[in-house]
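Novice: First to last, the sequence lines map onto chains A and B.
Just so we're aligned, residue 296 is where the first sequence starts under this note's numbering, counting upward by one.
Just so we're aligned, residue 3 is where the second sequence starts under this note's numbering, counting upward by one.
Hints are computed from structural coordinates only; laboratory data are not their basis.
Be a bit skeptical, because a hint or two may be false.
Mimicking DSS-like on lysine-lysine, the simulated pairs with C-alpha atoms at most 25 Å apart in a straight line are [stated by the list, open to error]: (1) A:K500 to B:K189; (2) B:K118 to B:K90; (3) B:K235 to A:K500.
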Amino acid sequence: MTETELSIRDKLLKQDKWLFAALSCLIFTGIMTIFTAAAGFSGNGVAYSSRQLFVVTVSIAAFMAIIAIGHEKIFEYAYPIYFALLFVLLFTLLFAPKSMGSHRWFTIAGWGVQPSEFSKVAVCLGLSKYLSRNPPITLKSYLGALLLVFPIAFLVFIQPDLGSTMVFIAITLIALFVAGAHKRYLFTTMVLGVLFIPLGWNFLKEYQKNRLLVFLDPGIDPLGAGYSVMQSRIAIGSGGLWGKGYLEGMQSKLRFLPEAHTDFIFSVFSEEFGFVGSLIVLSLFCFLFIRILIAGMKSRDARSKILVSCISAWIWFQMFESIGMSMGLLPVTGLPLPLFSYGGSAMVSVLIALGFVSSIHISNIKLYKIEA
Amino acid sequence: MPDLKDVVDSRLKLWCFFMLCTVIVLVVGLYFFQVVNTDKYVSLATKNRLRLIRFPSARGEILDKNGAALALNETTYNIMGYPLDLMKGDILDKFAGILTRQGINVTSADLINNIKKQHMAPYRVVTVATNLAMTQMAEIISDPDFVPELFPIPVWRRIYPAGTLASLITGYVGEISENELKQYTDKGYIGGDIIGKNGVEKSYEDILRGEVGQEAIEVDARGRRVKSIETRKAIPGKNINLTLDLVAQKEAFRLFDEKDYRGAIVVMDVRDGAIIVMASSPAFDNNPLAWGISSQEWQALVTNPYKPMINRAISGTYPPASTFKALMALAALSEQKITPQTTFNCSGGFTIGGRTFRCWRRSGHGTMNVLSALQHSCDVYFYQVGLRLGIDNILKWTELLGLGRTSGLDMPGEVAGNTAGRDWKRSRLKQPWYPGDTVNYSIGQGYLTTTPLQIALLYATIANGGRLVTPYIVEGHSKPPVDLKLDKNNLALVQRGLSIVVRSGTGSRANIYGLEIAGKTGTAQNSHGADHALFVAYAPAKQPVYVVSIMIEEAGVGGGSAAAPIAGQLLAYLLNK
Chain A
296 MTETELSIRD KLLKQDKWLF AALSCLIFTG IMTIFTAAAG FSGNGVAYSS RQLFVVTVSI
356 AAFMAIIAIG HEKIFEYAYP IYFALLFVLL FTLLFAPKSM GSHRWFTIAG WGVQPSEFSK
416 VAVCLGLSKY LSRNPPITLK SYLGALLLVF PIAFLVFIQP DLGSTMVFIA ITLIALFVAG
476 AHKRYLFTTM VLGVLFIPLG WNFLKEYQKN RLLVFLDPGI DPLGAGYSVM QSRIAIGSGG
536 LWGKGYLEGM QSKLRFLPEA HTDFIFSVFS EEFGFVGSLI VLSLFCFLFI RILIAGMKSR
596 DARSKILVSC ISAWIWFQMF ESIGMSMGLL PVTGLPLPLF SYGGSAMVSV LIALGFVSSI
656 HISNIKLYKI EA
Chain B
3 MPDLKDVVDS RLKLWCFFML CTVIVLVVGL YFFQVVNTDK YVSLATKNRL RLIRFPSARG
63 EILDKNGAAL ALNETTYNIM GYPLDLMKGD ILDKFAGILT RQGINVTSAD LINNIKKQHM
123 APYRVVTVAT NLAMTQMAEI ISDPDFVPEL FPIPVWRRIY PAGTLASLIT GYVGEISENE
183 LKQYTDKGYI GGDIIGKNGV EKSYEDILRG EVGQEAIEVD ARGRRVKSIE TRKAIPGKNI
243 NLTLDLVAQK EAFRLFDEKD YRGAIVVMDV RDGAIIVMAS SPAFDNNPLA WGISSQEWQA
303 LVTNPYKPMI NRAISGTYPP ASTFKALMAL AALSEQKITP QTTFNCSGGF TIGGRTFRCW
363 RRSGHGTMNV LSALQHSCDV YFYQVGLRLG IDNILKWTEL LGLGRTSGLD MPGEVAGNTA
423 GRDWKRSRLK QPWYPGDTVN YSIGQGYLTT TPLQIALLYA TIANGGRLVT PYIVEGHSKP
483 PVDLKLDKNN LALVQRGLSI VVRSGTGSRA NIYGLEIAGK TGTAQNSHGA DHALFVAYAP
543 AKQPVYVVSI MIEEAGVGGG SAAAPIAGQL LAYLLNK
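This is chain A alone, in the form it adopts within the complex:
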């Protein structure tokens, strides 16, 4: 069996067109929603949506670049990438100016960069490489995987960014599960995790505790966190079956809805496009997940299989949390809705991850042809 390297042009032509179609639809809907949300709170939808359009251009370029390079090549550098991001996170924590109560951002040429988003890519790569070499069927390699993720997850936790920390936990658990970890180990980990929740509670900032408490009873703090949840639920509920129509959402226009273009973007969309529109968006996400997992199942490479499980866990968790939170079904954590919310770092890193998926898809076709 001889493998021939495909040219970059061939790679781009052979990429997963269904995947690309699904993510394009989601991104397009996202920009439209950012326009209406920003038109509400700043009176200037053009400024925000055009900025997002630029972000998308950069992200698509990154997506194509990953396909051109190929996931195999990048896997060789999985550990160096992991440690580089670990260093950048440490740097951010120590030197980034405190903004909005956390050390999450630093600014490059007027654009805020959020290293915790990129570290999600690094964790996916590092973890899948590690688990493919050390299947978590022994306790040693199982604990090794936990130890690998811990430093990054911890640095993100103390930024503090509770939402992203939970993304890391989801990625790790799903990767371990898919990589074939003993159910015993997984079960023990989860039980220990639940037992440690009271301990972790003390590490949370006051506003984080409030958000979690408010989730249990939105009535307790209508002035603060509960207010957002109540207004978001009103936005979604009043959307009804068909929605109020594009640019007609009163909840966001009258600024009842906070963080309309980021955390609560789904509420803005759902108010204007109703249950039907929301179903379409959820279907697009489902289709995206299926495309991601198909790429993994067809692959003959263990690394790729685990990688798609990591990436799908990441996007799934953020989608589930973001939409669940906007209905008040889950606590408010401030995670962006992937491919949808306004924000550069999140968009670029998700598209980098999807670039890996497409690259895995291409390598599957390549092998298939040679065998035939």
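Dock chain B against chain A, hints included.
Specialist: Just chain B now, kept in the frame of chain A:
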């Protein structure tokens, strides 16, 4: 045991199945809210009758050490409303009419502009009219045109009873600026909030501010309050007591105003760094600033050539001139470059590198030792001392004694002065350090600049036996002094020299019957105009309590004639009362 690859594939499928199930959960949730309960939420949305009101907290008062008021609050009234309700119909036209009848000339267009500026969200209350006295407010709300969409709330306005006497200390408050909003994002300010802009109002903002109250209320279709949903009471800010003595401060201003002097006076407790007097003249009245002044009035304040808004005591830098000689003497004795017996002859001038440096006394002082050189402020003696010490030793001692850096005073705006050396000159002026530069430094001239507070600090260290204090102005915020472990004999010698200065030297005009004062004069050359006069003194000389640092801008005469008498009178006032 099954092949690992099969396990992985089957688990991938399981994971995929799980994800799709969770999406179904979301769909069920959406169905519940958007299809089953849609009527409930549509009516909640159309009513959206939740309104938020912020109640400003009463700001903490600022008092002097004896409890005299420096900053107080006065109740006035604001007329508030919600943008959502106000933009309907002719409410604002009517209200502009009411105000005009009250003699307040505004049009509804002005009101709309003002509301737009504050607009954050339609349910967030905005201020429509401010600063109304109780009687005005009563007349406005009893006007038949007054609508229930508008309502009055009491607010606090800052007043400064001491006015110019303490304006540079207390600072003033004002509406928060865009920049400040960005800077303090996590402190919960919003546009329109009042914040300390300068002085103690700024440095103790967090204590003075208190916590704003908030109320969520439900209103009816006309914006009238139906019921309160939640209230969070405003917590008033804490009062603070300054170490400042307002009566002494007034005396300091009187002594300056009598002679029409410009400059600064600092009085500090040498034992712990408490600031007793900090006067900077000319000063400004901070009352109008707290109420809001026009841009012309503001321009007039900031472009005033005498800079009344600069606190010269901590932000003004001047050459320390001969007051620096005490540091030179202490440094040279400690570095063993001179002994009490070392003498130099002063012939009225001194030549080095082709330049002649004159003594202030052209005819010369004759043979001088360290005591007589301090007593008569002989320049030539200290030129020699400076050359023996060398610039690096001089800078080592300025650093040790707290010059060239801010002191840590709990007020904003303090500057470091300049104690630059070789590196600074090489990078700034592209020139090497010449012995002539060292000679200039030896008498506190050249590139050397200090603030009046730093001079007070230097002499406090000499007076209190070598402990460097951190100046403070708010009671209870003192920091423990740092013992510099200076040689007691050297200190005693310099202290003796400073006593002789007042008893029978250049500072004799500070001499007050019954009081033992030690100090040092200074006359700073000023390239922009007449010489500045300096005098720094502490008393009682045997057991020092207060240090006074005086700086008179462009006095035109020496520190001995202009500044010394003021220091004497002020110390007498403080110690005899």
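Novice: A separate judgement is required for each hint: does it hold in the structure or not?
Specialist: Now for the hints, and whether the structure bears them out:
| no. | hint | in the structure |
| --- | --- | --- |
| 1 | A:K500 to B:K189 | holds, 14 Å |
| 2 | B:K118 to B:K90 | holds, 14 Å |
| 3 | B:K235 to A:K500 | holds, 23 Å |
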